[in-house]
Amino acid sequence: MTSAASRVLAGVGRPVVGAWREARGLAGLFLDTFVAVARGRVRGREVVHQMYLVGNKSVPFVAITLAVLGLISVFQVATQIKQVIPDFTMLGAAFMQMMVREFAPTITGLMVATRVGSGIAAEIGSMVVTEQVDALRMSNADPVEYLLVPRTIAAAVMMLMLTIVGIICATIAGMLIARSGFDVSFKTFLNFQLLDAGDLALGGTKALAYGLAIPVIAGRAGLTARGGSAGVGRATTQAVVATSFAVIVLDFVISGVSYVVFGQ
Amino acid sequence: MIRFIDIHKAFGARTVLDGVSLDVDTGEVLYIVGNSGAGKSVLVKHLIGLLRPDSGRIELGGKEITWLTEHEFYAVRMQCAMVFQNSTLFDAMTLVENVALPYRKHFALKPAAARERALAKLDLVGMRSAADWLPGDIGDGLKKRVAIARALTLDPSYVIFDEPTTGLDPLAAAQVDDLIRSLKHDTGVTSIVVSHDLRSIFGVADRIAMIYQGKILIDGTPAEVRASRDPIIDQFFNGRADGPMKI
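If you read the protein sequences in the order shown, they are chains A and B.
Here the numbering used here is used: position 260 in the first sequence is 260, and no number is missing along the way.
Here the numbering used here is used: position 227 in the second sequence is 227, and no number is missing along the way.
Please keep in mind that the hints were generated in silico from the structure rather than gathered at the bench.
You may find that some hints are simply not true.
Have a look at the derived ranges for each label pair, beta carbon to beta carbon [unchecked claim]: (1) Val249/A <-> Gly220/B: 56 to 62 Å; (2) Gly203/B <-> Val241/A: 50 to 56 Å; (3) Ala10/A <-> His71/B: 35 to 41 Å; (4) Phe61/A <-> Asp25/B: 57 to 63 Å; (5) Gly139/B <-> Lys57/A: 31 to 37 Å; (6) His71/B <-> Val241/A: 30 to 36 Å; (7) Gly126/B <-> Val241/A: 45 to 51 Å; (8) Ala92/B <-> Val249/A: 31 to 37 Å.
One side of the interface only, derived from the structure: several residues of chain B facing chain A at Cβ under 7 Å [stated by the list, open to error]: (9) Tyr74; (10) Arg77; (11) Lys105.
We put the CB at the ideal spot given by N, CA and C, even for glycine.
Sequences are here, hints too, so could you generate the full structure?
Okay, here's the thing in structure tokens:
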């Protein structure tokens, strides 16, 4: 084989092998985390602490973002409706369905990926490069059980809570702009007739999936950090990119499965 | 006895250990020396499963431990403790909680019982009065003492010290040296010390092994090392900037 051909093969093969290793490592970490949870190896006090950090500390960020998103969405949709058929009776109903099924869980997921994913990668990455993770292993404290399990449980629970907070804030903001900008009464806007159990299940499944994925993906970035503060910086960037991408991919996959299996 | 047999380890394209073979006798204080990045810490981390070799064998007490699982290595880590270079105390835990952690995890002791035992270990290193302080409240020398107390919690047969005197003032460094000596004399613990500190090396070591370019360049008593005419050994131990040593 010529050296040019082997260079081309190596150029193609290296990223494929790298991606395969990364996928295998991530799958292993997911498995380890869920096995630890299933075996009940959960530190309750740390879970509560992480719920505070992941959930309570994210409330202002999520509330403001979703309120602004709700306000803009209602304004844009109402403006379009006004140009076609100026009938706003279903404005609130369609908005609710869109928020519950799609925007509230996914935008909240992206917010949590940015804020919490980066924090987890930076914290665990710093522990790796300063050998604290090695010290945990020396003390018979499994880093997955000690670091990832509490964060994963906390993120899964708090993603559901934050999504509910996001829906409430987006609805209030949308209701206010509908009333002030388009003269739609609160009663007309608060229309739940398009919402059914399937919409709630879909939104809830997405929130739960993002909450489980973000800490594990960010934790993997942190646990594989190498080379001092530069390595921690790389891990943090990698975590934000990978968790945000995971939210988008999971959104696509869950929506697709829901459509194919349940027809909605 | 510990045996490292033909250990090879590379990180990406960079070869760190290129066929290192080294024996550690029971009860001795072995210093592993070499320039920065020579692979000293990398070598000792293989003994406790924090790193795995690309090839080679590691034996502990006549049993091969090279490819034990992470779970199986917990038993090895009860025999072989490690004092890390930066002490690596957990910032959110008090000193006594740091020392109690191995008791709670290895023996599943209740917090009160683990605390009692941890206080006894802190007493050994003169830190009992600061038990409820946080690591951020004390200096590097005292952190090192607490890290040593944590390493001794399980009464190990072997203790690995990774640059125990680096960054310490001379008094604190001398206290750490005394601790290593007393460990050997009082409890018969085998110590493997990774160090650059010449005063400490020639004051405490029973034997010295120098790693250079991924291999053991010399393995002998302090007197044998001093008597060596190898120009690289001469340059390293006399701390000269000019010479044949490639950094």
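We went through each hint and held it up to the structure:
At about 59 Å, the beta-carbon gap between Val249/A and Gly220/B stays in the expected band of 56 to 62 Å. Judged by the Cβ atoms, the range 50 to 56 Å given for Gly203/B and Val241/A holds: they are separated by roughly 51 Å. Under the hint 35 to 41 Å, the C-beta atoms of Ala10/A and His71/B, about 37 Å apart, fit the expected range. For Phe61/A paired with Asp25/B, a C-beta distance near 59 Å keeps the hint of 57 to 63 Å intact.
Take Gly139/B and Lys57/A: their Cβ atoms lie about 32 Å apart, and the range 31 to 37 Å holds. With their beta carbons about 33 Å apart, His71/B and Val241/A fall inside the hinted range of 30 to 36 Å. With their beta carbons about 49 Å apart, Gly126/B and Val241/A fall inside the hinted range of 45 to 51 Å. Distance hint for Ala92/B and Val249/A: a CB-CB separation of about 34 Å, consistent with the stated range 31 to 37 Å.
The interface hint given for Tyr74/B holds, since its Cβ lies 5 Å from the closest Cβ of chain A, which is under the 7 Å cut-off. Using the Cβ-Cβ criterion of 7 Å, the hint placing Arg77/B at the interface with chain A is satisfied: the shortest such distance is roughly 5 Å. Because the smallest distance between the Cβ of Lys105/B and any Cβ of chain A comes to about 4 Å, under 7 Å, the interface hint for this residue holds.
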